[in-house]
Structure formats: structure tokens, C-alpha cells
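Asker: Spelled out, the chains give:
Protein chains: 2
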Amino acid sequence: MDTSGSELSVLSAALKGAGIRMTHQRIEVFSELQASHGHPSVTEIYEGVRKRLPSISPDTVYRTLRLFSELGLIIPHSSTSSVTRFDVNVHEHHHFVCTRCSRIFDFTSSSIDPLEVPREAESFGEVQGVQLEVRGICRDCLRRERTQEE
Amino acid sequence: MDTSGSELSVLSAALKGAGIRMTHQRIEVFSELQASHGHPSVTEIYEGVRKRLPSISPDTVYRTLRLFSELGLIIPHSSTSSVTRFDVNVHEHHHFVCTRCSRIFDFTSSSIDPLEVPREAESFGEVQGVQLEVRGICRDCLRRERTQEE
DNA sequence: ATGCATGCAAATGCTTTGCAGCGTG
DNA sequence: CACGCTGCAAAGCATTTGCATGCAT
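Protein chains in written order, with my numbering: chain C, 6 to 155; chain L, 6 to 155.
Errors might be hidden in some of the hints.
Note: identical chains are not told apart, hence a pair may lie in one copy or across any two.
Keeping only pairs whose Cα atoms sit at most 25 angstroms apart, straight-line, the calculated DMTMM-like set for lysine to aspartate or glutamate is [to be verified]: (1) K21 / D92; (2) K21 / E121; (3) K21 / E75; (4) K56 / E121; (5) K56 / E97; (6) K56 / D111; (7) K56 / D92.
Hints in this document: simulated from the structure, not taken from any laboratory.
Computed from a predicted structure; not experimentally measured.
Please model the complete structure; the sequences and the hints are all you need to start from.
Answerer: Below, the structure is given as C-alpha cells:
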């Protein structure tokens, strides 16, 4: 089955909706993403697109992927911020990760704890821990964005 | 309640067990971690320790935090690897994250899906998505480590 | 005493940014 | 045809590493 056409319309709609231009580079990065398996890195996308668009530069790929993330077309895995943060709390707990400021908030939940490891996950290797990861926009960022839009 | 003594014994045991020396720097980084709230970054720990140990260098903090991660005393949030990876799969799914090679494996689970957002998480802000994050060591890394130990 | 750990400084690698020219709408 | 987008090159950061000295065991 060929879904490339319908997928492209997703891109078209997303860009048009935000008043952003549809360029060759963006189209190629988008289709490379669709064709990719797993969780591609910037370099992997870059190398893939380069086969069809040899003149594309890495920074355009960076910019494009960031744009797509902002549009919600893709999700950067965990913190966008470059600094590593450490979890000192060794007890079972879950995370609310802010997709804007990348701060992490801990919580526990009586309704889901104790959380058990699904069978499906065990097949990948030796499990060390499980937790829920809730992505969202924290109160502070919501407030800041609201203020800026006024 | 003063738990610093008992916490330090955790450090002592972990280091002794691995045949690693107990130094001032390691003790100070460890207690700074205990005293920290949330999810400290390397810089935050460094600044904190520097008040008591002005001569400590950033790279020692880096090395120490990496050591503590390997010993399981702390958990680096998300991938240790510096490259950003993107999730192209917009459908609900979960992640098995390898703590060695930082590769991410997707899975879905009939036993837990659909996954609902716990009440506790909603108080932090606007929720965009939820997923399970299983941390562990993938098959490839397990095999590699077994081979090297022979 | 021995050799691991630290501090210093330089290197590395990912990602971002300023700017001039190009192409989309 | 205006303005946003790209490519280039250089800068910016977080993190890592080589090496000589110092300190824990």
C-alpha cells in the first residue's frame, strides 16, 4: 500500500495551517521520516535525504526537525534540552515532562501503582525499571505563553 | 530526621562493593545529590558542591555522576547519548530504553492499553500524551557484556 | 608505597546562529 | 516581487579525555 500521498497531505495541512512554506527540503525530510524505522537521529535523516537532495545542509535538517517537533508531527525523545538531569529518587515514581522547558515533575499514583512490566517489554532484554512518562506543558510555560500572546 | 548518616553508608557500600575509592569529592557530590530537590543537572550539583569544596572541577563532577549512574545510585534522565532521536510513530505506544546503548524499542501492550492519565499528573499542566517507559539493558548489550567478561 | 582519582586544559561532537543569496507563494 | 528559507561557516555548549600530580588504601 502506498500511503505517501496521504501522508504528504498531512504535512501540507500542517504547514499551510501555520503559514509556513512547503519547500523541497521539508518534503524530503518529511518523507525520510515516514520511511524511517524506529527512532531516527538527525544524522540518519540527514544521510537519507542527502541521497536525493545532495545539496541539503545539516543545519537545514536540524531546523526542519525542530519545526516539525513544534508542529507536533514528530516527538523528540525526552528532553529537548541538552543538559543531562539525574533522578536521585530511587523509589518508584512517575514523570511529568514539560515539552517546553524540559523540567521534570515527579508524582506517584495510587490508581496505577504498583506498575507492572508488560510481557511485551521483557522480550527486549533485562528490565531495570518502569515508569509512566506524561508529556505536557507545565503551568509556568502555559502562563508564559498566554502572556506573550496578548 | 537525619538520614545523612544512613545514606552515606549506601555510598560506602556501593563503592566498597565495586572496589572503588571513597574520596572527598565523591562524598560531597553524593550528599549534594541527597540534598537536591527534583532533578539536578551537572551544573547545579557542581555549584552546590563548590561551596564546600571550592577546588573541585566540573569534570570530576561529570565523572562522579557517571560513576554513580553506573552503580545505580542515580538514574540519568533519558538517554546518556547526546544525540536527539525523534519519534515518528504518532500512535500510542511505549518505549523500552536501553540504558547502555540508548536505543529505543517500541511496543504496545494489550494488558495496559489504553493507558489513562493519572489524576496526579494533570495538576502539573496541559497533558499531551502518556506512555510507559521501561528502562533496561537490551539483548545486544547483554550479549556484548557477556562476551567481554569471558 | 602503589595506583586510582583529581584538576587542568584542550579537544570533541552535537546543535545553533548570522548572514547573503535563492526560491516559494 | 517580497519575505521566508537555505547553505555556509563559525560560534556555542555540554561533555569527554590525556596527562602529571596528589591522595586513599
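Asker: Could you run down the list of hints and mark each one as holding or not?
Answerer: The hints, checked one at a time:
| no. | hint | result |
| --- | --- | --- |
| 1 | K21 / D92 | between (40 angstroms within a copy, 22 angstroms between copies) |
| 2 | K21 / E121 | neither (43 angstroms within a copy, 32 angstroms between copies) |
| 3 | K21 / E75 | within (14 angstroms within a copy, 47 angstroms between copies) |
| 4 | K56 / E121 | neither (44 angstroms within a copy, 42 angstroms between copies) |
| 5 | K56 / E97 | neither (46 angstroms within a copy, 31 angstroms between copies) |
| 6 | K56 / D111 | neither (43 angstroms within a copy, 27 angstroms between copies) |
| 7 | K56 / D92 | between (41 angstroms within a copy, 22 angstroms between copies) |
The earlier numbered hints that this structure contradicts are 2, 4, 5 and 6.
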